[in-house]
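Student: Protein chains in written order, with the numbering used here: chain A, 358 to 683; chain B, -19 to 281; chain C, 10 to 262.
It is worth saying that the hints were derived from the structure and are not from the lab. Beta carbons: idealized from backbone N, C-alpha and C, even for Gly. Among these hints, one or two may not hold up.
To be verified - Using C-beta positions, here's what the derived DEER-type ranges look like: (1) A:R674 x C:S65: 57 to 63 Å; (2) A:V517 x B:D194: 44 to 50 Å; (3) C:S77 x A:V618: 47 to 53 Å; (4) A:A510 x B:D194: 36 to 42 Å; (5) C:H111 x A:V618: 25 to 31 Å; (6) B:D210 x A:A510: 28 to 34 Å; (7) A:S516 x C:E24: 51 to 57 Å; (8) B:H68 x A:L484: 33 to 39 Å; (9) C:H111 x A:I455: 45 to 51 Å; (10) A:K675 x C:E24: 44 to 50 Å; (11) B:K154 x A:V513: 47 to 53 Å.
Claimed, not checked - Here are some chain C residues the structure puts well away from chain A; computed CB gaps all over 12 Å: (12) K34; (13) I66; (14) Y174; (15) F184; (16) T227; (17) E253.
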Amino acid sequence: MRRYVTAGIVLILAAAAALLCGNSAIGAGDVLRTLAGNGTRAQQVIVFQVRLPRVAAALLSGAALSVSGYLLQNNLNNAVASPGLLGINNGAGLFVLISALVFPYQAGMKCVIAFAGALAVTLLVSLLSSGTGLSKTSVILSGVAVSAVCVAAADVIISVRPETVADKTAFQLGGFGDVSLTTVSIAAPVIVTMLALAFVLAGGMDLMALGDEVAQGLGVRVRMYRLIYLLCASLLAGAAVSMSGMIGFVGLMVPNLVRMVHHGKSRGGIALCMMVGSAFLLLCDTLARVIVFPYELPCGLLLSALGAPFLIWMLVRKRKRLGVND
Amino acid sequence: MKRFGKRTTEKRNSILTLMLILALLAGCAAGTAAAETAKGAFDRVIALSRSNAELWILAGGKLIATSDDAAGMDGLNEDAQFLGDMDHVSLEAIAALSPDLLILFSTEPAQKALGEAAEGIGIHVYYTNIDSFDDYDRVMKELTGFTGCSGAYERHVEQVREEIGGILRQVPEKAEKDSYLLLHVSATKSKAEKNDYFACEILNGLGLDNLAGDSSAFDVLSMEAIVAADPDYIFVVPRGNEKKAAESYEKLFSSQPAWEALSAVRDGRHFLLDKNLFGLKPNARWAEAYREAYDLLYGQP
Amino acid sequence: MIEIRNMTTSYGRGELFRVAGLTLKTGEITAVIGRNGSGKSTLLKTLAGFLKYQGSITIRGRECRDYSARERAREIAWLPQMLKTVQMDVETLAEHGRYPHHGSTRRMGDADREKVKEALRMTGMEKMAKRSLQELSGGERQRAYLAMVIAQDTPMILLDEPTTYMDLVYQKTFFEILQHLKQSGRGIVLSVHHLEQCFAFCDSICLMDQRTLVRKATPEEWAKDTDTLRAVFGIEMKKTEDRELMYPYMIRR
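Taking the hints into account, I'd like the entire structure generated from these sequences.
Tutor: Written out as structure tokens, the structure reads:
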């Protein structure tokens, strides 16, 4: 219980910091005043059209990517499974690149197209591995293969049309700088619905952890559940990526962290992933926004810079405590 | 006694070898230097990219080959061959034409690699890197030195410089400079250009202050910073296809509602700039670029 | 009760597996014996509904393939040979046995909790209820899974080589648990390699050979039918009169 409360408090603090922190542009007091309804025009624009959507996007993305990673890791019984491994990131990136060629300046399209890319990749991976009944190994291998194909295709596009390289880099570094209410309002319903679905179906995941045979013996329709979890994970990741570009590390790191401290039911694990993932992404985005103001750092960069050492520290700590290498 | 004699012979041989090597090196250096200073020594010239091709043509030279993007360029001789995309020309295609000069960008990785390979097989390479009018001046001086057309230097550099000077003298004095942002825009990203970009040099010279004018390497401006600073002018230079850029120019500002709150957007002080003058180096049309910017800022409403 | 009529299934390499007729009743412990590759696991897996089959398998009069996954899981419980070691405590594992009854969305009620407690008691795992599976020995883990299956509260229980990692004491306890379950009206089908054991504790024994059912008979009948046993295993079973022996039936060369 204490863990949930701690995570919740951290999340609230992170959200508050994200909302109130800025720099010379607008102070914490100004933000509060603007939220209450009084503020200059510029302040209103900053708070309601720039910061709030951005905070919402980081919050939703963090939860979505973390839960997506959790679903994949549990489902595929593999601690390094993540949306990126299954090609979701690269698929979305490829589609965005193609859309940059076909619809150059339609910003709203980027969001929808990234999403479509993520979905297309998942369907392809499911199709490829359906021959083996969606076995874990074949899903992972198909994901790796499809991911490689997407990367290669993107490289071909860039070498034929070099002007698109800026688009590719922008998408790959990831960040919440371009978020607007439009993008958030497209992605938010998807994320919220899929999170709810994951929560509701979490019980089945606990059973599948016992192995496909035992789960089937208990009446779980393993193949159907696996497909649902895959789709859920992919929609979550696709929606997140459509707002922010490729942010890969969260989906890998947060579920592993959560599993180090939480050994109970999946439902609790999902809740923790949501809170920790959101808090972490909010923190990174706030830093990305504030450190080199008026410029921005790519959020993905900070994520790796902060997240990797933290993960390593947790690994070392855990090993010392257990005294074994498992 | 025998051993002593052998060592002396060895020592003598080493000294001779060393002297031979030094002589060869000196000869090479002399030879290269001779090639550099010889005027009109470059008859077979290949320039890759429209900009480089233009520079050589302006300097009074002729090209045996260039890249596809220079097709239709004014002044290009009709017998010039086209070798493909400027970043994807093979060394073999170049070597097959036996050029004696290759003109490339020093800042394009693909071209730099090609240049190094070309130098390795003995082709002389000239690298251009133009970030300002002064750079253009220096390059043209060297190129016209190769072609021997000093008249070209006068026409395309000195007269242009005078024209620019004339425009600059008409710029009104202002107690507080107006601020601007120059955005280089593609489908998914807009990048704020810093003061080391040549178009910013033009705008700064015309009495404006670049919001992104610091010396850091960062170029992604936070939306909040833009809203807070509220630049007086916003200039947009498109990448890629210009027709599509013109069509979608307005969509840029409606994609992020915060743009519409900017006074520059509301009052119409935002302009789509000609890619050929502000995206690619204008070269001999540098004064034209100044003229166009001046008219936008201070011309008749 | 499970009835099989003219059932065939193909498993793996396309070779057919056949059972002409077989009845498995509740209130009985049935052993499935046979050499490696004879089809013991295949039989159990088909009964548990994992393999597509042609012909007829009826569970309480209704065709097996007409059952939904959870309905079938309320009729038949199944444990495979390989049991995973996961980070889960024994009690939670046993609680999973209630899944077919309440599904993913409903919570456990008091009746469910009672069944779980009973299952843990029966397998002697109540003191270890909060221990993680990873801390248990192989035999304890098998008993934990058995508790799960008992909590599933099904008329029939299918076990694939359940005593592999159990020491002698556990094995003895295990068969006592099976007796208990049998007396409470459940039917158990288990595949075993240990011939003396199954002859001692089981009510009937099915012999599998070359992917087909050879015969189902009681231990006494098998002791008399020496030819069939000899044809498959090269041995016979003989009952001794010594009542003190744990396994009254002994292997004769």
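Student: Could you run down the list of hints and mark each one as holding or not?
Tutor: A quick look at each hint next to the structure:
no. : hint                        : verdict
1   : A:R674 x C:S65: 57 to 63 Å  : holds, 59 Å
2   : A:V517 x B:D194: 44 to 50 Å : violated, 36 Å
3   : C:S77 x A:V618: 47 to 53 Å  : violated, 37 Å
4   : A:A510 x B:D194: 36 to 42 Å : holds, 38 Å
5   : C:H111 x A:V618: 25 to 31 Å : holds, 28 Å
6   : B:D210 x A:A510: 28 to 34 Å : violated, 42 Å
7   : A:S516 x C:E24: 51 to 57 Å  : holds, 52 Å
8   : B:H68 x A:L484: 33 to 39 Å  : holds, 35 Å
9   : C:H111 x A:I455: 45 to 51 Å : holds, 47 Å
10  : A:K675 x C:E24: 44 to 50 Å  : holds, 48 Å
11  : B:K154 x A:V513: 47 to 53 Å : holds, 50 Å
12  : K34                         : holds, 21 Å
13  : I66                         : holds, 16 Å
14  : Y174                        : holds, 16 Å
15  : F184                        : holds, 22 Å
16  : T227                        : holds, 28 Å
17  : E253                        : holds, 38 Å
The earlier numbered hints that this structure contradicts are 2, 3 and 6.
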